[in-house]
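K.L.:
Chains as they are written, first to last, in the working numbering: chain A, 1 to 272; chain B, 1 to 379.
Derived from the structure by calculation, the hints contain no laboratory data.
Here the structure is a predicted model, which means the values were calculated and not measured.
Careful, some of the hints might be misleading.
DSS-like mimics (lysine-lysine), calculated; alpha carbons at most 30 Å apart, straight line [to be verified]:
#, chain 1, residue 1, chain 2, residue 2
1, B, Lys225, A, Lys191
2, B, Lys225, A, Lys185
3, B, Lys225, B, Lys273
4, A, Lys231, A, Lys211
5, B, Lys42, A, Lys263
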Amino acid sequence: MATDYSKYLRMEKLPLYWCPGCGNGTVLKAMITAIDELGWNTEDIMMVSGIGCSSRATGYVDFHTIHTLHGRALPVATAIKMCHPGMHVITFSGDGDSTAIGGNHFIHACRRNIDLTVIIVDNWIYGMTGGQYSPLTPTGTKASTMPRGNIDPNFDIAELAKGAGATFVARGSVADPISLKNYIKKGLAHKGMSVIDALSNCHIQWGRRNKYGDPVKLVELIKEKTVTKTKAAKMTPEELEGKYILGILHEDKEKKEYTEAYKELVEKAQNE
Amino acid sequence: MSKAEIMNGNELVSEAAIAAGCRFYSGYPITPSSEIPEHLSKRMPEVGGVFIQYEDEIASAMAAVGASYAGYKSMTASSGPGISLKQEAIGLACMMELPLVVVNVMRGGPSTGLPTRVSQADVMQARWGTHGDHMIIAVAPETLLETYTETIRAFNMAEKYRTPVYILTDAVLAHLNGRVELPDPSELEIIERTQPTVSPDEYNPYDVEKFGDIPPLPNAENFPKYKFHMTGLNKDKTGFPTVDVAAVEADEERMINKIMNNVKDIESFEYYKMDDADLVVFAYGTNAAAARVAIDEAREAGIKVGMFRPVTVWPFPEEQVAELGKTFNNMIVTEINLGQMLYEVERVTKGNVEISTVLQAAGVPIRPQQILDKIKEVS
Ligand SMILES: Cc1ncc(C[n+]2csc(CCOP(=O)(O)OP(=O)(O)O)c2C)c(N)n1
Ligand code: SF4
Ligand SMILES: [Mg+2]
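Turn these sequences into a full structure, and let the hints guide you.
P.N.:
Shown next, in the form of structure tokens:
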């Protein structure tokens, strides 16, 4: 059955503030569809964002929403989850927000394995502030603060999340919104820290500087640069050079979730 | 019935927070404030509250803001450098109009400074540490008992005015162990945030037309029922971002005025031996205890000197200090820094009074003798 998006959106806040064709809308739609398929009530959903184009998403959805500071969605989300363990707490922020200024909070939230769903709109750039390079700007490509091409190596968000202790890690892309929706849905249902690296197009700030100013062309490029986990397993390291691997890349159902651990601590303290 | 306890200032802040209904503490350790998280890590789980030691002060301040949004009374504590890191979050609480209590066990600086030593060098950081126009409430207790009662009052004001409130203490108060007669919990006045009575559809936390200057804010129990949006961007009365000049202007003014229009309720100060005084000492926090000793000794020597002591240091007691400026010819300003509140005293007394100072920022308390010497010099 088709999703009735008006159930989940603050319709009076539309149209979206984003550039036409921006990947933010595709990722947001995937998230809403996933929530619809899970049948969750909007009263039970808390969405937290940082600052950036993608972070503006909290203004449009009819959940509990808070648009915080650049890089700081995760400490806020962690606190809210601790206060209301029964709520579904989601963060929705950019690659810069999540891995540059918010990088420290990111690894520590993963380490705690608190039950959050962290959606990173990974458009390879600081979209909102005019195309400066982020830790995800592909090496060699141009940014407004890397006019001769980026010399910085990149993070692999999935490896970072896994290494730091997250218990569900997936990567999807706006070039395959159905799979992206499925990964988000699994992440939402997972009890523990779920990270979804959502490759997205900022054709304006990254694209224009790198000959991909057309959103369709940029989504096509994302498609070329991505390969599923199954296909990747059969490829050589040379063939995988510069490719992003898609799929559910890590899942651990054993590690203790943080609000559970805290609940046990409270019981212990109260029975001393 | 009150009960006597032996506790230090940091423990008293912690216990008062619990008595005030605080059920969320987030922090990062730093001397001389670390006994607060140590104490609360034990106590919060006992009372069913949340304690988290975060990865840094930025996270801990943001978490306290998040918990307040989610309906909890929340607190974070730190000292000098850690407070600097919390500033952006404190500004967010100002803008979102969220109750928040921030304890600053002040230490010298700039930078790492004198971690273990006494200081009052953060009074201006409390006022202007976060960026942008804003008003702030700050209290500076002098004694252990006052540390307890002012912490309760800090929570009450935070809830009532939906604003961050600082508690400014120092290493002396933090680590001083003393016997304190704590008020009976049933005798404490505990203020809770006003609850919305309208249906969730009719509610937003900034609708000043419907609710007046300080709209209700859901507590933890009501939070799940009331969906609303908050942002650090300038907002209109729907709570959503705006750049409309008139809306921004009105909102900025209202946020300052919700405090300034209630100064009579927020202010707290003491006149000590002022009835017949012809010289006044301005002192606050633990430094006022030194001034008190100096004043008593000066009086024994026949000098008619008294003290004005603000307990609420922000908003600054403009009216009272302006009046002192008109009444007295001489005033001594003393503080454990190189002159911070001095600027405020100078500003509001408008040159009406001759101001002398006893200032020191060397990590040691100002001795009563130093203040006594100055009293003798100017009288
Ligand atoms: C403390 C702070 N530093 C810098 C900024 C400016 N700033 C706002 S958004 C942003 C980058 C956003 O990039 P990203 O997180 O990737 O989000 P996008 O806009 O690409 O969705 C920056 C640097 C800020 N708002 N706050
Ligand atoms: S600048 Fe980029 S990220 Fe921002 S709305 Fe436009 S396309 Fe999207
Ligand atoms: Mg980005």
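K.L.:
Does Lys263 of chain A lie within 30 Å of Lys42 of chain B when you go C-alpha to C-alpha?
P.N.:
With a Cα-Cα distance of about 14 Å, the restraint between Lys42 of chain B and Lys263 of chain A holds, given a limit of 30 Å.
K.L.:
Is Lys225 of chain B close enough to Lys185 of chain A, meaning Cα to Cα at most 30 Å?
P.N.:
Given that 30 Å is the threshold and the Cα spacing comes to 24 Å, the pair holds.
K.L.:
For Lys225 of chain B and Lys191 of chain A, compute the direct alpha-carbon distance and say whether it is at most 30 Å.
P.N.:
23 Å, holds
K.L.:
Is the straight-line distance between the alpha-carbon of Lys225 of chain B and that of Lys273 of chain B 30 Å or less?
P.N.:
Violated: Lys225 of chain B and Lys273 of chain B sit about 54 Å apart, past 30 Å.
K.L.:
For Lys231 of chain A and Lys211 of chain A, compute the direct alpha-carbon distance and say whether it is at most 30 Å.
P.N.:
28 Å, holds
Checked against the numbered hints listed earlier, the structure breaks hint 3 alone; every other hint is satisfied.
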